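In the order they appear, the protein sequences are chains A and B.
Take -6 as the starting number for the first sequence in the numbering used here and just add one per residue.
Take -6 as the starting number for the second sequence in the numbering used here and just add one per residue.
Bear in mind the hints are in silico, worked out from the structure with no lab data behind them.
Heads up, some of the hints might be wrong.
Which copy is meant is left open, because identical chains are indistinguishable; a pair holds if it fits in one copy or across any two.
[Claimed, not checked] For lysine to aspartate or glutamate, the following EDC-like pairs were computed, each having C-alpha atoms within a straight-line distance of at most 20 Å:
hint, residue 1, residue 2
1, Lys19, Asp177
2, Lys221, Asp96
3, Lys287, Glu68
4, Lys352, Asp41
5, Lys221, Glu147
6, Lys221, Asp232
7, Lys287, Glu64
8, Lys287, Asp112
Only a predicted model underlies this, so the values are computations on that prediction, with no experimental measurement involved.
Here is how the chains run, residue by residue.
There are 2 protein chains.
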Amino acid sequence: MDRIRFDLLGCDGRARRGELTTGHGKVQTPAFMPVGTRGSVKTLGSEDLEALGAEIALANTYHLYLRPGVERVAEHGGLHRFMSWQGALLTDSGGYQVHSLADLNVVDDEGVTFRSHLDGSAHRFTPESTTEIQARIGADVIMCLDQCLAAGSERAAHAVAVRRTSAWARRCRDVHGVHFRTYDYPQALFGIVQGGVDRELRQQSSAEIVALDFPGYAIGGLAVGEPKPAMLDTVAWQDELLPRERPRYLMGVGYPEDLVRCVSRGVDLFDCVLPTRNARNGMAFTRRGRVVIKNAAYAGDGEALDPECACWVCQRYSRAYIRHLHQAGEILGLRLVTYHNLFFYLWLMRAMGAAIEAKRFDAWQAEFFAGYSVT
Amino acid sequence: MDRIRFDLLGCDGRARRGELTTGHGKVQTPAFMPVGTRGSVKTLGSEDLEALGAEIALANTYHLYLRPGVERVAEHGGLHRFMSWQGALLTDSGGYQVHSLADLNVVDDEGVTFRSHLDGSAHRFTPESTTEIQARIGADVIMCLDQCLAAGSERAAHAVAVRRTSAWARRCRDVHGVHFRTYDYPQALFGIVQGGVDRELRQQSSAEIVALDFPGYAIGGLAVGEPKPAMLDTVAWQDELLPRERPRYLMGVGYPEDLVRCVSRGVDLFDCVLPTRNARNGMAFTRRGRVVIKNAAYAGDGEALDPECACWVCQRYSRAYIRHLHQAGEILGLRLVTYHNLFFYLWLMRAMGAAIEAKRFDAWQAEFFAGYSVT
Chain A
-6 MDRIRFDLLG CDGRARRGEL TTGHGKVQTP AFMPVGTRGS VKTLGSEDLE
44 ALGAEIALAN TYHLYLRPGV ERVAEHGGLH RFMSWQGALL TDSGGYQVHS
94 LADLNVVDDE GVTFRSHLDG SAHRFTPEST TEIQARIGAD VIMCLDQCLA
144 AGSERAAHAV AVRRTSAWAR RCRDVHGVHF RTYDYPQALF GIVQGGVDRE
194 LRQQSSAEIV ALDFPGYAIG GLAVGEPKPA MLDTVAWQDE LLPRERPRYL
244 MGVGYPEDLV RCVSRGVDLF DCVLPTRNAR NGMAFTRRGR VVIKNAAYAG
294 DGEALDPECA CWVCQRYSRA YIRHLHQAGE ILGLRLVTYH NLFFYLWLMR
344 AMGAAIEAKR FDAWQAEFFA GYSVT
Chain B
-6 MDRIRFDLLG CDGRARRGEL TTGHGKVQTP AFMPVGTRGS VKTLGSEDLE
44 ALGAEIALAN TYHLYLRPGV ERVAEHGGLH RFMSWQGALL TDSGGYQVHS
94 LADLNVVDDE GVTFRSHLDG SAHRFTPEST TEIQARIGAD VIMCLDQCLA
144 AGSERAAHAV AVRRTSAWAR RCRDVHGVHF RTYDYPQALF GIVQGGVDRE
194 LRQQSSAEIV ALDFPGYAIG GLAVGEPKPA MLDTVAWQDE LLPRERPRYL
244 MGVGYPEDLV RCVSRGVDLF DCVLPTRNAR NGMAFTRRGR VVIKNAAYAG
294 DGEALDPECA CWVCQRYSRA YIRHLHQAGE ILGLRLVTYH NLFFYLWLMR
344 AMGAAIEAKR FDAWQAEFFA GYSVT
């Protein structure tokens, strides 16, 4: 195959059911991408991702670039082979981690200069370099370098970020267009829209990014501290500002309830560390809401994390045992909740997809929230 | 079934091939017991133990007694149900952990008083109480409370420990004999021989413990710092001092080469944290010897941890990837080496069993050591 393809299979209201065809299999959307920061979804192996039925995972360019290094990954035949994962992979540009993790980072119109959080060494990412890095890592989907601001930044700063993000997107597209064929499968480049929660800036950013004609678009700059209603409004605006026939990826979202609300507003793809990071802090997500497993109430609880869940963790282990593992600091406890949470997230996406196909997404959504406690 | 049974199926020289029949399945010996300190073999679930083909695992009474507590385990139907493990379980008495972990411990003829390493709370183990605790935890094999001294203790101290261990063994046997039927499967009590590396004390301890007629015997007090030749000599003496028709369990041993040498000296059962603890420090055990995965030499190594190993870790992942996981502090790295190491240990035990059955243990041993580097 030459290019990654997206087929919009059906809609129900704004909710969309689609299929992304990559050189590493098809991805049914709406889809959630587990986050494999450093080439591993924490506590899980690729055999676990397969068992979960995951079709696409995300890896962080910033982390892999610093360790083990792009050369290392490329010499092993790319990240798929390195981590022994046959499904699709999306990499971020590294810009967000530079912003959130690097010891020092300075953004200018040419790119971003930063110091490694590992050893303080100096590095620079440009639109050109991060595109090439991602291509060499071997992602099926490469993301443009963008500038993401914290919620509450001045409108003027957002305007600069929008302008810069558009200029960088063009540079990413140009270098991607000429690129060297690193691997024998297509590597698509997705654009990213910025603009905070300002409608005009979102319109401007969307128009500029869409004009560059990417095969997919990400909604960036959300889930960075803005109020939830503002995020949901912005996602709804984006639905109208992005082309129907291309996939939309909402970056860094979120809780199960956020996924449902954003699918209902037209999002196809998600990634977030919540199901995995919170798992390691002992928070399980279930059809009824959150279970904070360290609570003393679970010490004698012989039920599964989620009694309605079909995953092997819920078939096999009790809340009492998993609580004991977390109290005792046993690694198995982190793994069990991680696996369950991702199983739940992937179940949720499939359930939404089925409801969209059946043209009953609103009814499904009402049923879901009737049984689900958000707190 | 009423009692745990041991059948000696065959011998080759001193090496023995046997079968321990418990209420939780048969255990083919020679066997290695993975250590599930707090009700989990670190990084692994019971589904992993099943996949490994483990038939028996060990749990630590001291840890489970402190957390989650004996009541908690018992209320869930015992440790098998709590950890969802259908194979056999052996618990230690807790005496060794009191000695090595507790903040303060005082041994007298009645028992041992100690402070929890978790919260400093004061506790007391007696022969009677640890026997009852283990029975209520639900072990298939319960160990007598013994007194284990560090290598290099005075002979007089060893003599006191031998006398005390014999007196405690009788008390364990007496309370075990009258015990309450906690579970619907047999719970055997094994005696423990002490005496350091002193032949006379080993003779005395063996005679006193064997006179109490236990269904199995442990060789205690070794692998505590004595020179390796002294350990091997002591194990060889024990072969002559213990009844042929009962299983022999060498506590806390050891490296792969130790297992081979001790099987050749008549040992049936082993437990040790080495394959799991060293895995977490990045040491893999292979047919060729040890692989310290953090070594820079492995950064570009696309081979499996052990190219001759059939485990799924070796089928799927390269040394380079596993090294990356260890360098990055990824939990998956700990899990992968743990699984492989236990697979190797269990393979080793089965290989020895097959060699004994084929009456070619010496030849097998020579072949093993010809390919294996001890350093």
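Okay, the hints, checked on the actual structure:
Only within a single protomer do Lys19 and Asp177 lie at most 20 Å apart by alpha-carbon distance; the minimum there is 17 Å, versus 51 Å between protomers. For a Cα distance limit of 20 Å, the shortest separation of Lys221 from Asp96 qualifies neither inside one copy, at 29 Å, nor across copies, at 50 Å. For the homomeric pair Lys287 and Glu68, the shortest alpha-carbon distance between copies (19 Å) is at most 20 Å, but the shortest distance inside one copy (43 Å) is not. Taking CA atoms no more than 20 Å apart as the test, Lys352 paired with Asp41 passes in neither setting, with 32 Å inside one copy and 41 Å between copies.
In this assembly of identical chains, Lys221 and Glu147 lie within 20 Å of each other by CA distance solely inside one copy; the values are 19 Å within and 71 Å between copies. For a Cα distance limit of 20 Å, the shortest separation of Lys221 from Asp232 inside one copy, 17 Å, qualifies, whereas the shortest one across copies, 72 Å, does not. Taking the closest pair of Cα atoms, Lys287 and Glu64 come within 20 Å of each other only across two copies (18 Å); inside a single copy the shortest separation is 42 Å, beyond that limit. Proximity of Lys287 to Asp112 under the C-alpha cut-off of 20 Å is restricted to the inter-copy arrangement: shortest distance 18 Å between copies versus 35 Å within a copy.
Of the numbered hints given earlier, the model fails hints 2, 4; all others are met.
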